[in-house]
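K.L.:
Sequence:
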Amino acid sequence: MKVTSSFPFGHLCFRHWHTDGSEVGVIVAKAQFQRSGPDTFRGLSKPPNIVLDDTFAGDPGTSPLQQEQDLAPGKIGADIQILGVARKSGGQAVTDWPVQIDVERRLNYAFQVRGPSFWEPNGTGWALSAPEPVTAVPLTYSLAYGGTSLGKENELVATSENPAGIGFVTPERLQRRDPFPAPQIGDLAEFISARPDKPMTVHGTAPIAKAWLPRRAHAGTFDDAWKQERHPRMPHDYSLRFWNAAPAALQCAEALDGDELITVSGVSFTDSKVVARLPSLQVWVDFSGDARATVGLVLDTVQLDLRSEAPGDHLMTLIWRGHVAEPDRFDAAEIFAERVQFAESA
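In this note's numbering, the protein residues as written are 208 to 553.
Be careful, since some hints might not be right.
Unchecked claim - The list that follows gives simulated cross-link-like pairs (lysine-lysine, DSBU-like), each with its CA atoms no further than 30 angstroms apart:
1) Lys359 / Lys405
2) Lys405 / Lys417
3) Lys253 / Lys480
4) Lys295 / Lys480
5) Lys405 / Lys295
6) Lys434 / Lys417
7) Lys209 / Lys253
8) Lys359 / Lys417
To be verified - FRET-style restraints, in silico, Cβ to Cβ:
9) Val502 / Asp266: 37 to 47 angstroms
10) Gly332 / Gly358: 20 to 30 angstroms
11) Phe325 / Lys209: 23 to 33 angstroms
12) Glu311 / Asp535: 22 to 32 angstroms
Keep in mind the hints are simulated off the structure, nothing from the lab. Quantities reported herein were computed from a predicted structural model and do not represent experimental measurements. Using N, Cα and C, we set each Cβ at its ideal position, and we do this for glycine too.
All chains, full assembly: derive it from the sequences and hints.
P.N.:
Rendered as structure tokens:
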């Protein structure tokens with residue numbers, strides 16, 4: 208199917224087995240925006256590329272996912288993904304501070320960041336050293352709880368929720384009585400009650416890999432019964448939530464309307480809060496061929512790139528998706544968009 212648009216969308220159409228076993232056509236439209244004001248972003252005239260492969264910081268088995276591919280056939284609700292660095296407002300080095308994300312009418316999520324600290328042997332037990340004062344902490348899963356540790360017979364044991372992290376140790380590793388680093392991103396209450404052998408919750412704002420829990424559990428059961436009765440369709444217990452790459456705390460229960468205000472605290476040296484108003488856009492596709500159809504697309508992915516200290520370099524990437532039944536009826540599709548309005552700042 209030929210897909211076109213006079214709007215600056217990256218786009219793609221592909222086929223996929225839907226959850227009911229039917230084959231559907233999936234349309235993906237992607238646009239990018241750059242900060243133009245305190246909470247507003249202007250659309251860029253160059254269509255962004257559709258990303259076809261996952262990109263990792265290093266070894267895919269033990270490093271964080273840097274960029275999720277765009278080929279999701281759909282999602283449950285919507286993803287909010289934030290690429291950033293936690294920064295202490297004022298630029299003064301401190302031991303720890305909170306980071307908070309608020310999506311208007313949708314969700315609120317908070318955690319703590321802190322400077323490097325270590326678990327150190329203390330008599331017959333362990334003591335957690337005081338965090339070093341810092342001004343910035345990268346929001347990467349490499350600094351959240353997780354990681355790998357040597358187990359029995361020197362086998363490498365990894366945490367399923369975050370094999371890229373730090374702070375996880377096996378009983379065999381503890382017996383060596385060597386210091387090891389503690390997480391720098393986590394829940395404040397868990398930091399207060401931390402023990403070296405006690406798991407912590409994984410916190411972060413970037414996309415997580417498909418192989419990590421809890422995400423991979425939504426792929427379904429690929430057993431002999433699936434091979435004999437269902438293949439090549441997805442398993443009966445497959446859920447579109449498998450394609451939600453944001454951490455669970457940053458998954459909205461429903462697709463976004465546009466116009467929501469996203470507020471992020473704890474990521475700027477100069478401002479206590481960084482805000483972003485989603486563009487209020489309606490996007491749809493007109494299909495033509497042996498039949499005609501119009502399908503509205505839903506906004507299911509928002510990625511804010513706040514890594515730069517310069518607000519003018521902040522980027523917002525939005526992705527809309529939709530399905531059309533019996534895609535063989537159509538040979539062309541055109542993507543349209545209508546700007547509804549930009550709401551006033553809150």
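K.L.:
Now tell me, hint by hint, if it's right for this structure.
P.N.:
Results for each hint:
A distance of roughly 19 angstroms separates the Cα atoms of lysine 359 and lysine 405; the hinted pair therefore holds under the 30 angstroms criterion. Proposed proximity of lysine 405 and lysine 417 is supported: the alpha carbons are some 25 angstroms apart, at most 30 angstroms. This hinted pair checks out: lysine 253 and lysine 480 have alpha carbons roughly 29 angstroms apart, not beyond 30 angstroms. Note on lysine 295 and lysine 480: the hinted pairing holds, with a Cα-Cα distance of about 11 angstroms set against a maximum of 30 angstroms.
Of the pairs offered as hints, the one joining lysine 405 and lysine 295 holds, with about 28 angstroms between alpha carbons and a cut-off of 30 angstroms not exceeded. Taking the CA atoms of lysine 434 and lysine 417, the gap is near 21 angstroms; set against the 30 angstroms cutoff, the hint holds. Simply put, lysine 209 and lysine 253 have alpha-carbon atoms about 20 angstroms apart, close enough for the 30 angstroms limit, and the pair holds. At most 30 angstroms may separate the alpha-carbon atoms for a hinted pair to count; lysine 359 and lysine 417 meet this at roughly 27 angstroms.
At about 40 angstroms, the beta-carbon gap between valine 502 and aspartate 266 stays in the expected band of 37 to 47 angstroms. Checked against the hint of 20 to 30 angstroms, the pair glycine 332 and glycine 358 passes, with Cβ atoms roughly 21 angstroms apart. Distance hint check: the CB atoms of phenylalanine 325 and lysine 209 are about 58 angstroms apart, inconsistent with the given range 23 to 33 angstroms. The beta-carbon spacing between glutamate 311 and aspartate 535, approximately 41 angstroms, falls outside the hinted interval of 22 to 32 angstroms.
Against the hints set out earlier in the document, violations occur for numbers 11, 12.
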